[in-house]
Structure formats: structure tokens, C-alpha cells
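Respectively, the protein sequence lines represent chains A and B.
When you line the first sequence up against our numbering, it's residues 1 to 166, in that order.
When you line the second sequence up against our numbering, it's residues 1 to 168, in that order.
Hints are not guaranteed to be accurate.
Unchecked claim - Quick list of simulated restraints, FRET-style, between CB atoms: (1) B:Gly36 - A:Ala115: 31 to 39 Å; (2) A:Ala28 - B:Glu93: 38 to 46 Å; (3) A:Gly100 - B:Asp100: 54 to 62 Å; (4) A:Asp33 - B:Ala34: 16 to 24 Å.
What the hints assert, rightly or not - Chain A regions said to be covered by chain B (calculated; three or more residues, Cβ under 8 Å): (5) 96 to 108; (6) 114 to 120; (7) 124 to 133.
Honestly, the hints are just simulated from the structure, not real lab data.
For every residue, glycine included, the Cβ atom is placed at its ideal position computed from N, Cα and C.
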Amino acid sequence: MRALALFMLLAAPASAQEPPYSDAPVEACLASDAEPATCIGAAAASCRAALPNETTLDIIACNAGEVDFWQGRIDTVYAELQAAAAEFDAQYAGTDAGNGLIVPATVPMLTEMQALWRAYRDRVCNFEVAPFLGGTIRGPIAGSCRLQVNATRALELERLQWSWGG
Amino acid sequence: MRGFAVIFGLALAAPASAQELVFSPDATEACLSAAGAAGGPLLQCAGMSADACIEDTEGGYSTVGMGACTWAEYEYWDARLNAVYGRLMAQHEADDAEYDGTTYAPPSMAEALREMQRVWIPFRDAKCAHERSQWGGGTGGGPAEAACLLTTTAEQTLHLESYLRGAE
Numbered sequence: 001m002r003a004l005a006l007f008m009l010l011a012a013p014a015s016a017q018e019p020p021y022s023d024a025p026v027e028a029c030l031a032s033d034a035e036p037a038t039c040i041g042a043a044a045a046s047c048r049a050a051l052p053n054e055t056t057l058d059i060i061a062c063n064a065g066e067v068d069f070w071q072g073r074i075d076t077v078y079a080e081l082q083a084a085a086a087e088f089d090a091q092y093a094g095t096d097a098g099n100g101l102i103v104p105a106t107v108p109m110l111t112e113m114q115a116l117w118r119a120y121r122d123r124v125c126n127f128e129v130a131p132f133l134g135g136t137i138r139g140p141i142a143g144s145c146r147l148q149v150n151a152t153r154a155l156e157l158e159r160l161q162w163s164w165g166g
Numbered sequence: 001m002r003g004f005a006v007i008f009g010l011a012l013a014a015p016a017s018a019q020e021l022v023f024s025p026d027a028t029e030a031c032l033s034a035a036g037a038a039g040g041p042l043l044q045c046a047g048m049s050a051d052a053c054i055e056d057t058e059g060g061y062s063t064v065g066m067g068a069c070t071w072a073e074y075e076y077w078d079a080r081l082n083a084v085y086g087r088l089m090a091q092h093e094a095d096d097a098e099y100d101g102t103t104y105a106p107p108s109m110a111e112a113l114r115e116m117q118r119v120w121i122p123f124r125d126a127k128c129a130h131e132r133s134q135w136g137g138g139t140g141g142g143p144a145e146a147a148c149l150l151t152t153t154a155e156q157t158l159h160l161e162s163y164l165r166g167a168e
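When you get a sec, could you build the whole thing from the sequences and use the hints?
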């Protein structure tokens, strides 16, 4: 009896510590015909659905998994956009656009835009968690905010890449 | 940004006096009502009034016409953004005031909102300047920047409207 109680004590936290997060649901949604914006949150939602007695830490872990997924997509597409901008600049920056204007360098603009986006992202999520300061719900709110903002930005940069051929 | 507005405004001034711009926000607003009722994405409605304007204005399909119609809808969203920001700020200032003098007051929501919007503006301008730069000084840059300002301002407006309590 005591051994069983000890076993349960050890077993419970072990299972709670590993939310079954996988990128698969969001990847499958993005690969389908669905509007990409509707895919946001799909992986975090399946992760949570698999945990009927989810704890606050589970929600945080499920959100964090998908935050990382979108951050990875941002990093990838941003690196490609930077490479394309550097190529463009090497060829055209500083030349005459043909109407008396000089073609501006695009790398500094891209870098500036992304730095300003990061500042904006932090403040959006500060605003969203502000009313919950000190509450346990703060972690989940911050995570779902970060997930939404990261995903929106990843999709936006990917659209930019398609239109400008990174 | 302001420099752009001035340049763009000058470019538009001549044709606008020659032929009237036929702009109304009706198409965008009708789309927002329908999409709101259906729970669909609202951002798809951004640009619909500019499209209608291009259709309805004599010479609307010229570069100048398209630019003017896009700019007209951008101004609609900019006014709408200012309106929602004002309402949201008033709600949060009222909330903040209730905590005045209490020990465990949460951080000021009004301040957090102000900070968020303060950094959004340079982000939008940098994003749209970058979009313009993709045209390398070509004539497509102005309309591309205007379209970017329209969409980005619409997105932020809808975002802030989603925070409003008792939103219509």
C-alpha cells in the first residue's frame, strides 16, 4: 500500500511533465487548402486536448512548443529575405532608378523593420498580460499572445517572400 | 511617412481637381458586418472600398487613380484607428483610476496601450518603406507603400477593436 502510494506520487508528476506536443497538426493544416491564418494554434490545441486534466504548466508547455515552431519559421524566412536583400543591394543600391532617384539599400530597411517588430511584439504581449500580473493565468496568456503574434508575423514574412522572390 | 504623404498628395492634386474621386467606405463596412456575423476573417474586407473607388472613378484604373483610391481608404482606416484607440484608452484610464491608492494595483493598462501603439507606428512606417524600397525607386513604389499602409493600418484597427469591451 505504501509502495503503491509512493509509486503514484512519483508517476503522476512524471506524466504531467511531458505534454505531448508535436508540430504535426499545424504543419498538416498549413499543407492543406485551409487559409493559413486558421492554422494558428492547431498544434497547441491538440497538445492541450490530449491532457484532459491539464495544469497551468501544461498549457504553458503546449503554447511554448508552437511559439518555437513559428519562431523557427520567422528565423528561416527572415534569413532568406536578408540574403535576397543583400543580393538586390549589391546589384542596384546606389544606382540611378531612371527618374533621378537613387535606389536605396534594402538590407538596413529590412533589419530596422524586424527590430521594430520585436519591440512591438513585446509591447503587445505586455498589454495583454498587464491585467493578470501576479495571477497564475499570466503564463498561459503570455504564451498564447506570443504564439498569435509570432504566427501572424511568420505568415506575413512568408507572403513577402513569395511576392518578392527570396 | 509625412514626406511620403506630401509627395503623394502633390502627385494626386492635379488629377483630383480634373475628375472627382468617387470614394465611399460602404463596401468595406458591408463586408465587415457580414464577416463579423459569420465569424470570418475581417482583414479580407480591407481594400474593398479602394477597389470600388477604382471601379467607380473615371480614370480609376490609371496609376494615379489607383493610388488616390488606395490612399482614400487608408485615410478611412487611419480615422477608424484613432477612434478605437481613443475609446480603448478611455476604458483603460477608467479601469486604472479604480485602482488609484490601492496596494496591489496592476500595472497601468492605459500606459501599456500607449507603449504598444507608440512602437507600432514606426514599425508600420518601416514595414511600408521597406515595401516601397522593393520597387527600387520605380513608379510602383508609391502605390505599393499606400497599399501596405492601408492593410497594416486596417490590421491594427481590427486588432484594437477586438480588445474593446462591449464592442458592437
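Inset, instruction - Provide an ascending list of the numbers of those earlier hints which the structure does not satisfy. - result: The structure conflicts with no hint, since it agrees with every one listed earlier.
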